[in-house]
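Residue strings, one per chain:
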Amino acid sequence: MSERLAVKKTYKLFVGGAFVRSESGRYDRNQGFNVPRGSRKDVRDAVLAARNSSNKWAARTAYNRGQVLYRFAEALESRAADFHVDRSELDASIDTLVHYAGWTDKLQPVLGGINPVAAPFLSFSLPEPTGVVGILAPDSPPLLGLVAELAPVLAAGNTAVCILSDDQPLPGLDLAEVMGIADVPGGVVNLLSGRRAELAPVLAGHHALNAVVDASADDALGAEIDRLAAESVTRVRHARPTTGYDEGVRDALSRLEAVTELKTAWHPVGA
Amino acid sequence: MTETRTRIVWDYAPAPESPDHVRLRDSYGLFIGGEFVDPLDGTRVASINPATEEVVAEVAFAGAQDVSRAVQAARSAQPGWAALTGLERGKYLFRIARLIQERARELAIVESMDGGKPVRESRDVDVPLAAAHFFHYAGWADKLSYGVGGRSVEPLGVAAQIVPWNFPLLMAAWKLAPALACGNTAVLKPAETTPVTALLLAEICQEAELPEGVVSIIPGDGATGAALVREPDIDKVAFTGSTSVGKNIQAALAGRGVSLTLELGGKSANVVFEDAALDQAVEGIVNGIFFNQGHVCCAGSRLLIQESVADAVVAKLWERMGRLRVGDPLDKNTDVGAINSREQLERIEELVESGEGEGAVRRTVACELPSRGFWFAPTIFTDVAPAHRIAVEEIFGPVVSVMTFRTQAEAIEKANNSAYGLAAGIWTDKGSKAFEVASALQAGVVWQNTYNHFDPSAAFGGYKESGFGREGGPAGLRPYLRVVP
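One line per chain: the protein sequences are F and R, in this order. Everything in the first sequence is counted per my numbering, starting at 2 for the first residue and increasing by one. Everything in the second sequence is counted per my numbering, starting at 286 for the first residue and increasing by one.
In isolation and in its complexed conformation, chain F is listed as follows (with noise of 0.2 Å):
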């Protein structure tokens, strides 16, 4: 009898829910594996898809985020044989979901309260996710370093183009199929490989982005990145990446207040 052959996995891009080849098709070798290498196409059909199910997953109930972010954590320690990462960077990324699962409902009351004006209105402020959100994730640690900025923005209820490292795609890859499993809604996280330094001036200088957060670490890249948001007044983050869980979660408020608008609303009261 002959030896079994090995079921090789096909990479590919995650795009508004679907596994994609890139539109260019180009890909890389890494680990023995082809990469799709992503182009401003699919930069751009990235982004249209995180727009268009942007009013669905922020009209979500805060309970609900919370509960599809909790299954994202279960989803990823059910999976944890398939990411060749570190056991430690592996827990510190379902312990970060499980930390933002549970901010979802909490955020309103933290940065958003009743005013107490001077005059006859109800008025409240209340916090709203900005949009669509850009994240150039790390190279290092590659899931960590991704999962510590995606979850913050989940939480606070925006959608995700998310750059993967050039030299370490597999593990954001990866997530994409525990995705896929976690009853996160297509086109709320979609996934690009390919080459950074194409990618990310693509995807900040696009109109319909709202947020940027770059944890490239590449301070001339954020430069760039600074001057192409500026063309749309995209609000940019720039964070060195996360390395621990404790790191993660420090400034858990801080990363969710980067990708949220405040509302403030006045109803009268009387006449």
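It cannot be assumed that every hint is accurate.
Mimicking EDC-like on lysine to aspartate or glutamate, the simulated pairs with C-alpha atoms at most 16 Å apart in a straight line are [claimed, not checked]:
1. R:K532 / F:E232
2. F:K57 / R:E721
3. F:K9 / F:D175
To be clear about the criterion: a stretch of chain F counts as covered by chain R if any three or more of its residues have a C-beta under 8 Å from a C-beta of chain R, and this derived list gives those stretches [claimed, not checked]:
4. 39 to 50
5. 145 to 151
6. 230 to 242
7. 249 to 263
These aren't lab readings, by the way, just hints derived from the structure by calculation. Every value quoted in this text rests on a predicted model; they were computed, and no experiment measured them. Beta carbons are placed, not taken as given, at the ideal position from N, Cα and C, and that holds for glycine.
On the provided structure of chain F, position chain R as indicated by the hints.
Same frame as chain F, but now just chain R:
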């Protein structure tokens, strides 16, 4: 075509506010390091009353060296200011609030002289809100971590602040009060056409014995502002003004790690549903677009009316517009004052011409306008298409563009169909609808059955290209603080 109607003439006697007790100097220096100084490389420019074209006062404009000098003064003063206890910092701000109240009448008159806004508004809105803003943030100075979700925080350092000409004193208060409460020092650049009340505020800082260098006030034009944001030794830029300048500033700060807050333009939708109290709505529409001659970033300049009541609302609005009193800003009965500057008047005229050229129907109230000064009579456009420039671009004048809608979903889609997202109004008597629509609108401030209300405890700021960061309330502290991990 311009259709006009005869204005109903009310026999009001003139009721001018007397400027007799206003004590203005002939010439103001730059306020740097706690004193008024001559510019090193700046100029001296006359600040003009836009209602009379007479000189209000001569004012020094800062040159590049002056900007550096002001930033250095702020840098030197910052450690000492931050080292004060929050209570002591707050006490200075309480003093400033009290002194603004003391000089309220004078400030209101000068604000109307320098900027052209009706004194009724300066007296009842600008000046009291400026005082209230200092009073509000004074009380935050020793409670900062409560305002930011319990986080441990420290001041950013030196804040460069640039304010517009539409609410000169109020915008200065919005900028300075939170910056100082958080332990920052500030360099404030008032607008080119309206620097005078900020210089009176500088006098108030002196009267309050604010430590020297904590606040510097350096009037100037766009070049001064551009130099200020390019100063190497600043930690924060807070800008209120046009979206195009805001984008330039954001780009200029690329890669520098300088904290930025932008409060930019708007093309805010004021949405009138068929179940609204229409007479009340008309008053709100008037307040939304003709308040401060429409020189308001959150002005309700896109009026969306449900089709079934559109004719009725437009008829009532046009009738009401005919009763607006346009003229002397210092007259207490004036509703619409002077346009802030010749340049702004030209911009309004150019956009209004484009509206006619693109096929919208223009009606402008026929009223006697003074022969001198800069004036634009209240104007309404109907038959406006969403792609017309007057439906897309900020006019920043007393001009409202009317569009209609049939369903709630269409109203939301049209309201959100803008690069801006500063404010919105909703007129309906149905509470559940108001909350649902308010939640769906991409705008930083949503007013239901009211418009243009402001309060120091309520956050203000935009979505999308209307900027980021908030002013007012605890949210207004965060842009001036660094979170200590």
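Now the hints, each set against the structure:
1. R:K532 / F:E232: Roughly 6 Å between the alpha carbons, so the hint for R:K532 and F:E232 holds.
2. F:K57 / R:E721: Between F:K57 and R:E721 the Cα gap is close to 15 Å, so the pair holds against 16 Å.
3. F:K9 / F:D175: holds (13 Å)
4. 39 to 50: That given contact is violated, which follows from only 0 residues of the segment 39 to 50 of chain F lying within Cβ reach (below 8 Å) of chain R.
5. 145 to 151: Violated - the segment 145 to 151 of chain F has 0 residues with a Cβ nearer than 8 Å to chain R, which falls short of three.
6. 230 to 242: holds (count 7)
7. 249 to 263: holds (count 7)
Of the numbered hints listed earlier, those contradicted by the structure are 4 and 5.
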